[in-house]
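Given chain A, put chain B in place with the hints provided.
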Amino acid sequence: MRLRRRRHALSRSATVLALMVATSISAVGAGVLGTTPASASSTTGVTAKQITIGATVPLTGPAASGYSEIAPAMDAVFNWVNAHGGVYGRKIKYIYLDDEYNPAKTATLTRQLVLQDHIFADVGSLGTPTQLSVQKYLNSQKIPQLFIESGCNCWSNKRYPYSFGWEPPYTVEGKLLGNYVKQHFAGKKVGFLYQDTTFGQDVMKGAKLEIPKSSVVSEQNYNVTTLAGPLTTQMSALKAAGAQVVVMGTIPAATALAMLPAFAIGYTPQYVIDSVGADAPTVGPLLAAFTAAGGGSAATAKATAGLLNGVITDAYLPPEGLGSNPWVVVTKKLLAKYAPTVWKKDGLNGNTEYGVALAYTFVQALKAAGKNLTRAGLMKALEKKGHSLTTAGLVPLSYSASVHYGYEGGEVVEFSSSAPPVVTPTGRWPGDKVLTPVEVTTPGSGPVRKYKGRISVPPAFVKRSD
Amino acid sequence: MGLFLNTVLNGVSEGMVFAAIALGLVLVNRATGIVNFSQGAMGMMTTFVAYSLLSGGIGYWPAFVVALAAGFFLGAAVELIFIRPLQGKSPLNPVIVTIGLLVVLEGIAGSIWGVTSRGFPPAFSQRGLRIGSTRVAFSTFDLFIVAAVIVLMAVMIAVFRWTDVGLRMRGAAFSPEVARLLGVRVGRMFTLGWALAATAGALAGLLAAPISSFGPYYMDLNLVYGFTAAVLGGLLSPVGALVGGLVTGLCISLVGGYLGGNLEPLGALALLLAVLMARPQGLFGSAKARRI
Numbered sequence: 001m002r003l004r005r006r007r008h009a010l011s012r013s014a015t016v017l018a019l020m021v022a023t024s025i026s027a028v029g030a031g032v033l034g035t036t037p038a039s040a041s042s043t044t045g046v047t048a049k050q051i052t053i054g055a056t057v058p059l060t061g062p063a064a065s066g067y068s069e070i071a072p073a074m075d076a077v078f079n080w081v082n083a084h085g086g087v088y089g090r091k092i093k094y095i096y097l098d099d100e101y102n103p104a105k106t107a108t109l110t111r112q113l114v115l116q117d118h119i120f121a122d123v124g125s126l127g128t129p130t131q132l133s134v135q136k137y138l139n140s141q142k143i144p145q146l147f148i149e150s151g152c153n154c155w156s157n158k159r160y161p162y163s164f165g166w167e168p169p170y171t172v173e174g175k176l177l178g179n180y181v182k183q184h185f186a187g188k189k190v191g192f193l194y195q196d197t198t199f200g201q202d203v204m205k206g207a208k209l210e211i212p213k214s215s216v217v218s219e220q221n222y223n224v225t226t227l228a229g230p231l232t233t234q235m236s237a238l239k240a241a242g243a244q245v246v247v248m249g250t251i252p253a254a255t256a257l258a259m260l261p262a263f264a265i266g267y268t269p270q271y272v273i274d275s276v277g278a279d280a281p282t283v284g285p286l287l288a289a290f291t292a293a294g295g296g297s298a299a300t301a302k303a304t305a306g307l308l309n310g311v312i313t314d315a316y317l318p319p320e321g322l323g324s325n326p327w328v329v330v331t332k333k334l335l336a337k338y339a340p341t342v343w344k345k346d347g348l349n350g351n352t353e354y355g356v357a358l359a360y361t362f363v364q365a366l367k368a369a370g371k372n373l374t375r376a377g378l379m380k381a382l383e384k385k386g387h388s389l390t391t392a393g394l395v396p397l398s399y400s401a402s403v404h405y406g407y408e409g410g411e412v413v414e415f416s417s418s419a420p421p422v423v424t425p426t427g428r429w430p431g432d433k434v435l436t437p438v439e440v441t442t443p444g445s446g447p448v449r450k451y452k453g454r455i456s457v458p459p460a461f462v463k464r465s466d
Numbered sequence: 001m002g003l004f005l006n007t008v009l010n011g012v013s014e015g016m017v018f019a020a021i022a023l024g025l026v027l028v029n030r031a032t033g034i035v036n037f038s039q040g041a042m043g044m045m046t047t048f049v050a051y052s053l054l055s056g057g058i059g060y061w062p063a064f065v066v067a068l069a070a071g072f073f074l075g076a077a078v079e080l081i082f083i084r085p086l087q088g089k090s091p092l093n094p095v096i097v098t099i100g101l102l103v104v105l106e107g108i109a110g111s112i113w114g115v116t117s118r119g120f121p122p123a124f125s126q127r128g129l130r131i132g133s134t135r136v137a138f139s140t141f142d143l144f145i146v147a148a149v150i151v152l153m154a155v156m157i158a159v160f161r162w163t164d165v166g167l168r169m170r171g172a173a174f175s176p177e178v179a180r181l182l183g184v185r186v187g188r189m190f191t192l193g194w195a196l197a198a199t200a201g202a203l204a205g206l207l208a209a210p211i212s213s214f215g216p217y218y219m220d221l222n223l224v225y226g227f228t229a230a231v232l233g234g235l236l237s238p239v240g241a242l243v244g245g246l247v248t249g250l251c252i253s254l255v256g257g258y259l260g261g262n263l264e265p266l267g268a269l270a271l272l273l274a275v276l277m278a279r280p281q282g283l284f285g286s287a288k289a290r291r292i
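Protein chains in written order, with my numbering: chain A, 1 to 466; chain B, 1 to 292.
Same shape as in the complex, but just chain A (with noise of 0.2 Å):
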C-alpha cells in the first residue's frame, strides 16, 4: 500500500510537470496561430466524443460492504447510454477510484481525478466524512460534485453551489419513519439505536421531531470505527427500558449485529429501521448464516432469518421486492445486460438499484443540459429542471436555486411475506408491503404531507432498454 501510494504520489507530480509544460506549449502556439479552440473543448473533460466523469468509492475496507456494488452498477446506465450513441454523441467514461472511505484518501484520489484524469464532474461518490474533505476544493474549482451519496443535511449550502445530495436528507427519512411511529404506535415505549456520526444523529434529529419526548425511554448509540462485536449491550439496555419499538440509524451490518443478539436474549421489539440500515439483501444473509451451519438448529437459523418480517423501513425508490414495478423490471435488464458481472454476483439488490437509478439521473441532467455542455451550464440545469426530471425516485428531485438536496420523501414499507420469509446467502428477502402514501416533507420543522404529485415511469425508450 505504501508503495503504490508513492508511484501515484511520483506520477501525480509527473503528470503536473507535463501539464506545465503542455499549456506553455499550447500558449505559444495558440499565440503564434491566433487560434483558440472553440467552445466545445473549453470545458475540461468533454469532447465532441466524451464526456469523462470520476468518482470515489470504498471497494475495499471495512465500508465497502454492499457500497462497492453501487459504482460497477453506474456502468450499466453508461454502457447502455454508450452502445445507443452516447448523450448528444458523447459517450461516458466513468472512472472510479477506491477511497476505501478513508477522506485522506479521498482528498488524493478525487486531485487525481481533477488534476491527471481531468473530469467534468464528480458524480456519485460515496461518504458524508470523504465528501465533506472534498467538498471545499470541489467547489473552489468549480467542479460538479453532483449525486453525492450521503444523505448528509450538509449538500444544500450556499457556499457549495456545486455540490448536490440525491438520496434523500437522513432527517427527511427519519420523519417519515418518526411520523409513522407516532400515528401506528401511539402510547408504546420508543427506544432509539444510532451510529454515532452524523448519519445516525440526522435519522435520529428526524426522529424526534416527530415522536413526541414522552414515550421515548431509552437511547442507544454505537462507535461505527469500532463496530466489530454484537451490540449486546445496547439491546439490554433497550429491553431494560422496556422499549416496544425500536427506531434504528444503522449501517446494515450494525442492523444484523443489534437483531442477533437481542434475539438471543429473546428481545423482539418492533423494528423501524432507516433505508440505509434495512437493505434486506445485505443484512438477510449476514443474520441467516450466523446460524444457518454448525451447532445452530434449522429452527433457529430460520428464526433469525425470519427477524427481518416486520421490519418497518422507508423507501425513495421502488422497493426491489416489487418485481412488477416497471423501474424495478427495466433495473433488472439494465443490469443483465450492460453489467452481467455486477448482475451475476448481485443481482438486484438495494445498492445496484440505487446506482442505475442514480446514473440515470446523470444520464437525464446531461441531457438537461443541452448539446453545449459546460459546468456551469449542468448547474444551471439542475438547478432550473431538476425537479422535473424523469427518474426512478418516487417523488420527484427537489433542485432549485436554494435546495440541493435530492429526493425528499418516499414512503413507508413493511417486509413482510405470507409464506415462511426466505433469506438465503445469494440474497432472496421477504417482500415488501407498502404502509403508507408517498409523502414529502423537508429537513426542517415542517409537517409530512402526502406526495399530491404522479409517481414516475420510465420513458418508453428506457423500458426497451435493449
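Since the hints were derived computationally from the structure, they do not count as laboratory data.
Computed from a predicted structure; not experimentally measured.
Ideal Cβ placement from N, Cα and C applies to all residues, glycine included.
Some clues are possibly wrong.
Stated by the list, open to error - Label-pair distances were calculated between CB atoms; the ranges are:
hint, chain 1, residue 1, chain 2, residue 2, range
1, B, Val95, A, Lys136, 32 to 40 Å
2, A, Thr268, B, Val151, 32 to 40 Å
3, B, Asn93, A, Pro340, 42 to 50 Å
4, A, Gly453, B, Ile131, 49 to 57 Å
5, B, Asp220, A, Thr268, 25 to 33 Å
6, B, Ser90, A, Asn157, 46 to 54 Å
7, A, Lys142, B, Asp220, 47 to 55 Å
Here is chain B on its own, set in the frame of chain A:
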C-alpha cells in the same frame, strides 16, 4: 439488574475472545521476543479457510480442525520466510514486517473472498441461555468460547512450565546464544513458537467470527483489544493475557452499557493508561531492572 447481568456476561464472552488473541501475542513474544501485529490477520486467513470448507459443505468440526492446522503451518511459514531473515537486526524490523504482513494478508483475503462482510456459523447455538423466565446474553456458544480459551491457556502454561520443549522455547527466546551452546536448535524453537501462536490465532479467529461481521477486516479491532489485554497482562504471562482479556472485555461492555456505546474505545484506552501508569510492567509482568 437485567442490564447489569447482560452487560457483565457480554463482557466475559467478548473478553475471552480478546484473551485468545492476547494468548497468541504472548506466545510469540515469549518464544521469539517479537510482538506480532499480524496475529489477527493470520487468524482471519485461517478462518476464511474454514469458511471455504463450510461453504463447500464440509461439516463444522472438520473445518475447525483444518483451520487450526492451517494456522500451525501458516505460523511456521511466516516465521521461516519473513521473520528468520530479520534475526539479529534492529528490533524495529519485525514490527514493520508484521504490520506489512497484516496489510498484505487482508489484501489477499479481500481479493480471494471479497471484502463484503458475511455471517460465520458458530459451533453451538447463539440463543441466550434461559435463567428462570428470561433469556440472558450468554449462550452455549459463549460457554464454548470461555471453555476453549481456558483450555488454550492451560495448555500453554503446561507446555511452557512442564515440558522439555517449553523449556527450550523459553531458553531460546531468553538467550539464543546460550541456548544454542546448550544444544537447543533455536531456529526450530522460533518456528515452533510461531506455529503454536498462529494456531492460537486461528482459534481466536474461529471464536470471534460468529460474533462479528466476518470479512477481511473483522480481526482488526479484536487485535487492538487483544493487544490491550496482552499489555495489561504484561505481554509474557498466559494468566495475565486471560485476566487482561477479561478486564478489557468487562470494561468495554460496562462502558458501553452505562456510558454509551460510542465511548467503548475510550474506556479501553483509559483502562490501558491507568494500568500502565500504576504498573508499567502490566498486571502480571515482573519489573525489569533498568540500566541508567
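How the hints compare with the structure:
no. : hint                               : result
1   : Val95/B with Lys136/A: 32 to 40 Å  : holds, 37 Å
2   : Thr268/A with Val151/B: 32 to 40 Å : holds, 35 Å
3   : Asn93/B with Pro340/A: 42 to 50 Å  : holds, 47 Å
4   : Gly453/A with Ile131/B: 49 to 57 Å : holds, 55 Å
5   : Asp220/B with Thr268/A: 25 to 33 Å : holds, 31 Å
6   : Ser90/B with Asn157/A: 46 to 54 Å  : holds, 50 Å
7   : Lys142/A with Asp220/B: 47 to 55 Å : violated, 39 Å
Checked against the numbered hints given earlier, the structure breaks only hint 7 and satisfies all the rest.
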